[in-house]
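**Q** Given next are the chains, with one letter for each unit.
2 protein chains.
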Amino acid sequence: MKVTPEIPTPSAILEAALYVDDLDAAEMFYGEILGLVQIQRLEDRHVFYKVGGSVLLLFNPEQTERPAVNPDLPVPPHGARGAGHVCLVLTRDEIATMRKHLLNWNIPVDAEFDWPNGAKSLYVRDPAGNSVEFTEAHLWN
Amino acid sequence: MKVTPEIPTPSAILEAALYVDDLDAAEMFYGEILGLVQIQRLEDRHVFYKVGGSVLLLFNPEQTERPAVNPDLPVPPHGARGAGHVCLVLTRDEIATMRKHLLNWNIPVDAEFDWPNGAKSLYVRDPAGNSVEFTEAHLWN
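Here the protein sequences line up with chains A and B, keeping their order.
Residue numbers are given in this note's numbering: position 82 of the first sequence equals residue 82, and the series is strictly consecutive.
Count along the second sequence starting at 1, add 1000, and that's the number in this note's numbering.
Hints should not be assumed to be uniformly reliable.
Chain A stretches covered by chain B per the calculated footprint, using a threshold of three residues with CB under 8 Å from any CB of chain B [what the hints assert, rightly or not]:
#1 55-63
#2 111-120
Pairs of lysine-lysine, DSSO-like flavour, derived with a Cα cap of 30 Å [unchecked claim]:
#3 B:Lys1120 to A:Lys50
#4 B:Lys1120 to B:Lys1050
#5 A:Lys100 to A:Lys120
#6 B:Lys1100 to B:Lys1120
#7 A:Lys50 to A:Lys120
#8 A:Lys50 to B:Lys1050
#9 B:Lys1050 to B:Lys1100
#10 B:Lys1050 to A:Lys120
#11 A:Lys50 to A:Lys100
Okay, the calculated beta carbon distance ranges per label pair [what the hints assert, rightly or not]:
#12 A:Gln38 to B:Ala1068: 24 to 34 Å
#13 A:Pro71 to B:Pro1108: 18 to 28 Å
#14 A:Gln38 to B:Phe1113: 22 to 32 Å
Bear in mind the hints are in silico, worked out from the structure with no lab data behind them.
Ideal Cβ placement from N, Cα and C applies to all residues, glycine included.
Chain A on its own, in the form it takes in the complex (with noise of 0.2 Å):
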């Protein structure tokens, strides 16, 4: 006899955040530089891109630390300070053509390696220095 309902298993992660001290910078690399399709930016405190099905969150904590203001979306309060970290996935031949564009932006290579799986991933830095890593979609299988 079951007593415990099943935990309900979250399908997807659908956003990721980010936080960054300058979102205009931020807007030059997302945007820009790597080409990612905005969905929303909101003055200083956030600008959002769609990759994949999933949404990448770049957040400035001075705002996002604040209480929300609309009583509607009651939004909890985050924010974190530091290098944070996320990781994209394109293909191999995908990731040896982006490594020559940012270079070609002046954007260095941080790092990279094949994992011991195989699987190529290549490592930079977004201006506010969050490790954006790009990897194959094997990485975890």
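Position chain B against the provided structure of chain A, taking the given hints into account.
**A** Just chain B, lined up with the frame of chain A:
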């Protein structure tokens, strides 16, 4: 004539990262209470969980801020402090079930409301204070 090659478009967010001061407490919350499937725990450095096709990374910033020790896997240092944010997908019914389940564990609801497009969000805090949101898949449609 096209002179600039297309910028490769990442197909997915493979990893989202949060930072925690207590990995055992994180394991209790994400593994035991949320029931996520653990992929890897490395001592006091990190614990990783599978969420759909992506991976939720919980890092101890005290460890990840240090330079990598394995020269074959020179993962760049990173590490943040303060409340981060992640958003996981559940159906509306699953959010209601998760709400009861979390209250049974004495995890208080931080906020819950419907967005203008009808998607419901439920927010709780992990033991480190990160803001964990559960929402419906159509939030950003």
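**Q** Report the numbers of all earlier hints that the structure fails to satisfy, in ascending order.
**A** No numbers; nothing is violated.
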